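**Student:** Here the structure of chain A is known, so what remains is to put chain B in place on it, guided by the hints.
Going line by line, the protein sequences match chains A and B. Residue 251 in the numbering used here is what sits at position 251 of the first sequence, and the numbering runs on without skipping anything. Here the numbering used here runs 1000 ahead of the position in the second sequence, where the first position is 1.
Certain hints may be false.
What the hints assert, rightly or not - Each pair of labels, with its calculated beta carbon distance range:
id	chain 1	residue 1	chain 2	residue 2	range
1	A	Ile283	B	Ser1144	15 to 23 Å
2	B	His1134	A	Arg13	43 to 51 Å
3	A	Ala730	B	His1013	40 to 48 Å
4	B	Ser1042	A	Leu21	28 to 36 Å
By construction, these hints were calculated from the structure, which means they are not laboratory data. None of the values given here were measured: they were computed from a predicted structure. For each residue, glycine too, the CB sits at the ideal point set by N, CA and C.
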Amino acid sequence: MRAALADAVRRLRAAPGRAALAAAGIVAAAAMLGAGVTVSYGLTTGFERSAQQADLPDVLARFGDEEREEVEERVAALPNLEQRTYRYEETSVPLSANGESSEDGVIHAVRGERRGYAILEGRDVTADDLDGAVVERGVAQEWDLEVGDTISSGSQISWEIVGIGVSPDNVAYPLASSLRIYVSGPALEEAFDFVLPVNMALLWSTEPERTDVLLQQARANSYGLSDLRFITREGVEVAVGEAAGIVIALLVAFSIVALAAAGAMLATAAHADVQRRLGTIGIQRAVGMDRRAVAVGFAASGAVLAAPAGVLGLALGTLVAAGPTGALLLTLNELPPGGALVGPLLLAWLVVVAVVALASGWPAWRAAGRPIVGLLRGSEVARPRAARGLSRGPFGLGLRLALGRPARLGGTALVLAACTAVVTLMLALASLLVDLSDDPASLGKRYELTAQLDADSAPDVRALPGVEAATPRYELDATASFQLGQPVRLIGFEGDHVPFEAPPLADGRRLDPDADGLPEAEVGAGLAEALGLAPGSTLAVQLPDGVEERFRVVGVVRALDNDGRVAYVPADTVSQAADESAIAVKLTDGASQAAVQAGLIDLGAADAGEAEAATTDDAAFLATLAALLRAVALVNGLVCLYALMQALALTARERRGTIAVLRATGAGRGHVALLLGGVVAAATIPAVVAGLALQRWALGPATADLAAGYADLQLTAAGAQAAGVAVGVALLAAFASWWVARRTTREPVVVGLREE
Amino acid sequence: MEVLSARGLVKVHGRGRAARRVLDGASLSVTPGEVVAVVGRSGSGKSTLLHLVGGLDRADAGEITLAGERVDRLRERDLTRLRGRAAGFVFQFFHLVPELSGAENVELPARLPGAPAGALRRARTLVERLELGHVADRLPHELSGGEQQRFAVARALVHDPPVILADEPTGNLDPQAAQIVLGLLRAAADEGRAVLLVTHEAAATAIADRVVRLQDGVLVADPALRAVPERLGA
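Looking at chain A on its own, in the form it has when it is part of the complex (with noise of 0.2 Å):
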């Protein structure tokens, strides 16, 4: 092994030029591994990494202010509790601090060993502490706070910030428009003499698994208790996941396919490069190589290349990725992953080195079986048939001669459709990405205005011109009875919602709202396959109330809402427990929003804004997210614009000889330019139809899938873009040519027809 290993490195000096272009291209592909190793691990692990750090706890419960011996008496009876704390929540609470004010403060008494949150810097708050605070990270980020700081509640409670934690049971300030600091309960107490009351629990289960018993348990337990909701760590997920769940899930998706992509360039690279050295593997084999020892030898080359090259590439991936990734998960209240993300990018270098050794190796066996005057005299050579009546003109001859070397042909052609169908699938991505924040359509919602009235009020707002219809919206976060970790959101309107909001139906059919027996249900699939529904089966949803409802699910709809765990329901179910309750207001066509808008707010409507889409609208926050996608999209499409770029100036450099000849026969810059766009359009042209199809019909519906297999995301490229991407890369191809054309002409003949 070691003399395969000294041998491949004698041959990579032997030909620098070569191996450093090859060791580029490995380097851009690893580069590609990199950024979307550190995004789908950074963010994929993101929640499950911070709220273990957090210690976040199984269940938390809310509920109205209570003396916190009563509540300890019920909580101390729940089977499978492992341990319990509990704090008192005081909200809308004026905090300053550095010049900075907000009314919307969030003060946190807490008490207890367990605390729910982790601390990042400092220390925590501890029992006789009464002027630390903690802070969280958005705060202190946004407020510019350090430890030692000063934190106020109006004029008369000052705090010194003794350490800086995150919980990610919530996003981070701004994103959260409240912002929260811990003190301690105990010191409070003592200070003030006077009990504080307690209106959260916080109970982590002996076995999580089983937090099902523990929640069925305590919501019998729970009688008397004013206010109560329950919310699980998957219900935390969930609801933290609303506000750019669908999106990192696609950031995610995408960096996945991306690193297929890469894999597969990084393959047919190294299987073209074997191509080119037919000949040499027919000499190897005419001096007495076996052909284990060549392959062996060719897989040797690859991986001395590849494991240097692979280190450089993730290491300039990660680097470009790391910055926007940790900013996401800042703002979502969320750690980077840190020395967690060695392990995946080892995982990923190994990758490299395996695939690059193997895409060489391999190849360069099946060339050494074959026989050897065959390669020494070039028989990988074909007589293409189709390209008979292409003969005529230096384009036509081009084309000629790379339909004559199929496989390297194929290899290259390979390279380009996969850098176009990333390419294609990144500007698809930047347009529904662009859809999620702006588009209600985007969940299936197809009434453009939402109006805060009571349901009274729907015959006015039908009254108004440029209405064409309107009904009461009513929405409700619920939880499954059977398994109360499963959060439920329910959406009713009165009378049809089909014309209101209704995404695409995959079984079953629409809800009847007069239906007799029990009402019926159309679920989101990402709650039907939670929960394992189908149409014909009971859904059965507790309220926040504690009353439960039972439905029969007639249909699943691919709905993109809350991760598909919605349920359009009739109204009266839920118009009593509703969170929500507005108008869905649809306009005539051409219809003035804006004096819609006001018609509504004329008719007392507390607020007429547009109808939400599937992700925040919080500028900041989509800004975090531009820069992230940016940064992936950078990478990746440098790497895929310089795969292009790689594999045309070497289809392009290749036919230096076949240039020289032409030049002696002749042949001038404008010739040999047409000769070599006939090179490459040949590998060109059926690479952007694959690329584009591969786009459409396979890594669109597969990001698609991965992102959200529940809804029905169209991750397709427009006709626009798709045009725009097929434009880009002629104009690459003409570029290469003309640049390969002016390169060779500028140097003597002599000199192409000594590579000859």
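**Tutor:** Below, chain B without anything else, positioned relative to chain A:
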């Protein structure tokens, strides 16, 4: 009247201490209908001389005239035009384009825009005349060395150039194939073309009207070699 002439050609390969003066004032002239053979040992600069007079490379000093035009003064664009009009090349390693059949290689110069009228017809005629019709559709790797070189000679003649420049045209051929190729070159000269033949094989000089030896960078007449064809009864 000479159709090809060179005066005081200088060419240095390499730089600094590695520099080697391959041609050091070499001069030569070839008239229509004449075959001039340049001999010399390997590395003496024979191929370099051929490349310079054919405009495939630039000389460091000296004058070259090809078909009435000063090669050493032409810009690349004009040099291209001159090669397409006035010179046909035959190489030791044939340099057939591997993806094209033998016949398509011959047609190559005829397909270039600006090729003389009738060049394509002439290409087909040449293939038949050189008795290559039965292998015309084969790819180069399916042809024998002799067949490849005959296609190469046909390619050099397609645009009917006044000068043929042949670089070791028999260097890779067996004696029988070599004789056929040399016969073709002689025939080309007999049709009124000037043929400059670079070779290190004494037998190849048999078709030459004049033999010059490249020695220490200059060309000198070689009467001893000229005697070979006479001794062979040519």
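**Student:** Range first: 28 to 36 Å. Now tell me if the beta carbons of Ser1042/B and Leu21/A are that far apart.
**Tutor:** Roughly 33 Å apart at Cβ, these two residues keep to the hinted range, so it holds.
**Student:** Assuming the hint says 15 to 23 Å, is it satisfied by the Cβ distance from Ile283/A to Ser1144/B or not?
**Tutor:** 21 Å, holds
**Student:** Cβ-Cβ distance between His1134/B and Arg13/A: within 43 to 51 Å?
**Tutor:** At 47 Å between Cβs, range holds.
**Student:** Could you check the hint for me, namely that Ala730/A and His1013/B are 40 to 48 Å apart, CB to CB?
**Tutor:** Given a distance of about 41 Å, which is inside 40 to 48 Å, the answer is holds.
The structure meets every hint from the earlier list without exception.
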